[in-house]
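Participant: Line by line, the protein sequences give chains A and B. Residue numbering for the first sequence follows this note's numbering, starting at 1 and increasing by one per position. Residue numbering for the second sequence follows this note's numbering, starting at 1001 and increasing by one per position.
Read the hints as simulated data drawn from the structure, not as lab findings. Don't be surprised by glycine CBs; every beta carbon is placed ideally from N, CA and C. Be careful, since some hints might not be right.
Unchecked claim - If you anchor each label on the Cβ, the simulated ranges turn out as follows:
1) B:Tyr1111 x A:Val204: 47 to 55 Å
2) A:Thr208 x B:Lys1041: 46 to 54 Å
3) A:Met1 x B:Lys1168: 57 to 65 Å
4) B:Thr1164 x A:Lys194: 49 to 57 Å
5) B:Ser1037 x A:Val191: 39 to 47 Å
6) B:Arg1017 x A:Lys38: 37 to 45 Å
7) B:Lys1041 x A:Lys190: 51 to 59 Å
8) A:Met1 x B:Met1001: 45 to 53 Å
As the list claims (entries may be wrong) - Output of the computed footprint for chain B on chain A, the stretches with three or more beta carbons under 8 Å from beta carbons of chain B:
9) 120-134
10) 140-154
There are 2 protein chains.
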Amino acid sequence: MYIEYLPFWDGISALERDQIEKSSEIIHVPAGPLSLSKLSKKYYILAVTEGRVRVYMLAEDGKEITFYRISQGSFCTFPLEKDWNGCPQYEVLFQAELSTVLLCIPVQLHYKLMDTSVAYVKSQLYVERKCCARIFGIVNEMLSKHLESRVAGLLLEESRLCKTDKLKITHEMIARHLGSVREVITRVLKVLQKQNVLLLHRGVIQLTDIKKLQELL
Amino acid sequence: MYIEYLPFWDGISALERDQIEKSSEIIHVPAGPLSLSKLSKKYYILAVTEGRVRVYMLAEDGKEITFYRISQGSFCTFPLEKDWNGCPQYEVLFQAELSTVLLCIPVQLHYKLMDTSVAYVKSQLYVERKCCARIFGIVNEMLSKHLESRVAGLLLEESRLCKTDKLKITHEMIARHLGSVREVITRVLKVLQKQNVLLLHRGVIQLTDIKKLQELL
Chain A
1 MYIEYLPFWD GISALERDQI EKSSEIIHVP AGPLSLSKLS KKYYILAVTE
51 GRVRVYMLAE DGKEITFYRI SQGSFCTFPL EKDWNGCPQY EVLFQAELST
101 VLLCIPVQLH YKLMDTSVAY VKSQLYVERK CCARIFGIVN EMLSKHLESR
151 VAGLLLEESR LCKTDKLKIT HEMIARHLGS VREVITRVLK VLQKQNVLLL
201 HRGVIQLTDI KKLQELL
Chain B
1001 MYIEYLPFWD GISALERDQI EKSSEIIHVP AGPLSLSKLS KKYYILAVTE
1051 GRVRVYMLAE DGKEITFYRI SQGSFCTFPL EKDWNGCPQY EVLFQAELST
1101 VLLCIPVQLH YKLMDTSVAY VKSQLYVERK CCARIFGIVN EMLSKHLESR
1151 VAGLLLEESR LCKTDKLKIT HEMIARHLGS VREVITRVLK VLQKQNVLLL
1201 HRGVIQLTDI KKLQELL
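Next comes chain A alone, as it looks inside the complex (with noise of 0.2 Å):
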């Protein structure tokens, strides 16, 4: 299992490898905010194994604005809130869109791995190097992309992960992902019903032209 899922298992001694396994644990959590800070007391999660972790912002006005989803089989990285050293921290939140699984380690033994291997240090950076690019794409869509494209991209994006047409999420939840208040988006997708690329029902958006929802990206 554990080769599969961190991508530093081959450039860690094998005592480090024994200390994984023989302390590791897999936590199972709800659906719901994860409360990592009550995690990280014991906790350093190394990977999604099961399920779906969406990490947003909390801006400070309310607004909410997903930076990416972490799909199962990924190893992630939440950043310990003593990890950020000071930096201005904003509201960075985590939301277990699914019942998931976690593949964790004791934070004491995060901390001596942080200390000692280079291979699990430079997985952590490269990691994060991958979260920041994502977040380089959010801020080239809020300033390139017109609200009807990133609605679009989102519900292709749903579509893939939830692997159906038929949609159940609601408008103030693609209003969260997006940044963006209910409102504004329910107009953007009376918009897109007019143009026959969805049909909006109670609870539930039904895509019925899937090309036509790519060539708005």
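Take the given structure of chain A and dock chain B to it, following the hints.
Facilitator: Below, chain B alone, put in the same frame as chain A:
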């Protein structure tokens, strides 16, 4: 000099310190775009010892936005193109805002340290995390703040950096810092002038009421 700029100095071995001392170079670059790809064939930048570097993004539609500025005396990171490991990269660019001096090491030594020194890799991780936190700040601003407030913030930063209330900055340059366009910035500046916060001269913006400007943040 090294201990002043390089946070990892005490954490690396005597041999590694010696290697850096023997092979590091001081490189002078004129104000203007910093062509990192040309430089990075030979050198990896460790610190800005004089001058100032602006790190910005060129979005798809041609708009620019400043992520942060690296001031004199700062350890920094400029991940090389291949460091991004195939992440969607967008255009993150660098510009020397003044005539600037960089402390560099040969790129081979950088990669060697990345393979052998935990302290070195950790310092890269921490400085990139700090940069990432600043970009969170940009996203927060874009979501939560009025443009007027963001212009006020930029003018105050500019005044602090240049140690003057008479800013030699064009409306176009303000737009490029904030991911906006010149016409919109001119409109905002005229509103601020009407509020007696600043005076617009040809090529110069004179801040006349710093306190009021701070209240706009």
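Participant: Each hint needs a verdict: does it hold in this structure or not?
Facilitator: Cross-check of the supplied hints:
1. As the Cβ distance of Tyr1111 of chain B to Val204 of chain A is approximately 52 Å, the hint placing it in 47 to 55 Å holds.
2. Here the CB-CB span from Thr208 of chain A to Lys1041 of chain B is close to 51 Å, well matched to the stated 46 to 54 Å.
3. Met1 of chain A and Lys1168 of chain B have their C-beta atoms about 60 Å apart, which keeps the hinted 57 to 65 Å range intact.
4. A beta carbon spacing of about 54 Å between Thr1164 of chain B and Lys194 of chain A agrees with the range 49 to 57 Å that was offered as a hint.
5. Hint check: Ser1037 of chain B to Val191 of chain A, Cβ distance near 42 Å, so the stated range 39 to 47 Å holds.
6. Take Arg1017 of chain B and Lys38 of chain A: their Cβ atoms lie about 42 Å apart, and the range 37 to 45 Å holds.
7. In this structure the supplied range 51 to 59 Å holds for Lys1041 of chain B paired with Lys190 of chain A, their Cβ-Cβ distance being about 53 Å.
8. Range check, Met1 of chain A to Met1001 of chain B: Cβ separation about 48 Å, and the 45 to 53 Å hint holds.
9. Check result for the stretch 120-134 of chain A against chain B: holds, 12 residues qualifying (beta carbon to beta carbon below 8 Å, three or more required).
10. Note: the stretch 140-154 of chain A has 5 residues with beta-carbon separation from chain B under 8 Å; the three-residue rule is met and the coverage holds.
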